[in-house]
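Engineer: Sequence:
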Amino acid sequence: MKTPKRSDEPIWWALFSAGGVCFAVLLPALMLVLGILWPLGLVSPPWLSYAGVSALLHTAYGVPALLVTAAVICLPLFHAAHRIHHGLHDLQCGYRQASKLLCYGLALLLSLLALALVLAI
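Position 35, counted from 1, in the sequence shown is what the numbering used here calls 31; the numbers after and before it change by one each time, with no gaps.
Calculated directly from the structure, the hints in this document are not laboratory data.
These numbers were taken from a predicted model, which means no experiment stands behind them.
The beta carbon of each residue, even a glycine, is placed where N, CA and C say it ideally should be.
One or more of the hints may lead you astray.
Calculated pairs, EDC-like style, for lysine to aspartate or glutamate (alpha carbon to alpha carbon, straight line, at most 20 Å) [as the list claims (entries may be wrong)]: (1) Lys96 / Asp4; (2) Lys96 / Asp86; (3) Lys96 / Glu5.
The calculated label-pair distances, taken between Cβ atoms and stated as ranges, are [stated by the list, open to error]: (4) His85 / Leu26: 29 to 35 Å; (5) Leu23 / Tyr91: 30 to 36 Å; (6) Pro6 / Leu106: 19 to 25 Å; (7) Tyr57 / Asp86: 18 to 24 Å; (8) Arg2 / Ile80: 36 to 42 Å; (9) Gly58 / His85: 37 to 43 Å; (10) Val39 / Arg2: 36 to 42 Å; (11) Gly58 / Lys1: 39 to 45 Å; (12) Phe19 / Leu53: 19 to 25 Å; (13) Asp86 / Leu53: 20 to 26 Å; (14) Asp86 / Arg2: 20 to 26 Å; (15) Leu53 / Leu23: 16 to 22 Å; (16) Ala116 / Glu5: 43 to 49 Å; (17) Arg92 / Ala56: 42 to 48 Å.
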């Protein structure tokens, strides 16, 4: 009996679905608070200043805040990378391994860059 070939697709589908949930749940709330309510002056949390964010990240609450920040930045990148990779596959553009490496590699690189910038605060 021939054993089936192992696939890495479950990992990418898990990141895709987590990024979709992040797009659907977290980003609209952040856009409402940071893009509408804060500029209109309806909310003015003191932790939105540079000093407030820096102080938050350097306390015990900093780890959960960093994890939420990582989720909001990194998961949508992998969601988009998965959509682009499968779109290219459906259109039969390029090689499967090359597009996988390009899409997911770029998502990983951008995620690491964003996290490095957040940690530099």
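Engineer: Take the hints in turn and mark each one as holding or not.
Structural biologist: Here's how the hints hold up against the structure:
no.	hint	result
1	Lys96 / Asp4	11 Å, holds
2	Lys96 / Asp86	13 Å, holds
3	Lys96 / Glu5	11 Å, holds
4	His85 / Leu26: 29 to 35 Å	31 Å, holds
5	Leu23 / Tyr91: 30 to 36 Å	32 Å, holds
6	Pro6 / Leu106: 19 to 25 Å	22 Å, holds
7	Tyr57 / Asp86: 18 to 24 Å	43 Å, violated
8	Arg2 / Ile80: 36 to 42 Å	24 Å, violated
9	Gly58 / His85: 37 to 43 Å	40 Å, holds
10	Val39 / Arg2: 36 to 42 Å	49 Å, violated
11	Gly58 / Lys1: 39 to 45 Å	43 Å, holds
12	Phe19 / Leu53: 19 to 25 Å	24 Å, holds
13	Asp86 / Leu53: 20 to 26 Å	41 Å, violated
14	Asp86 / Arg2: 20 to 26 Å	23 Å, holds
15	Leu53 / Leu23: 16 to 22 Å	20 Å, holds
16	Ala116 / Glu5: 43 to 49 Å	34 Å, violated
17	Arg92 / Ala56: 42 to 48 Å	45 Å, holds
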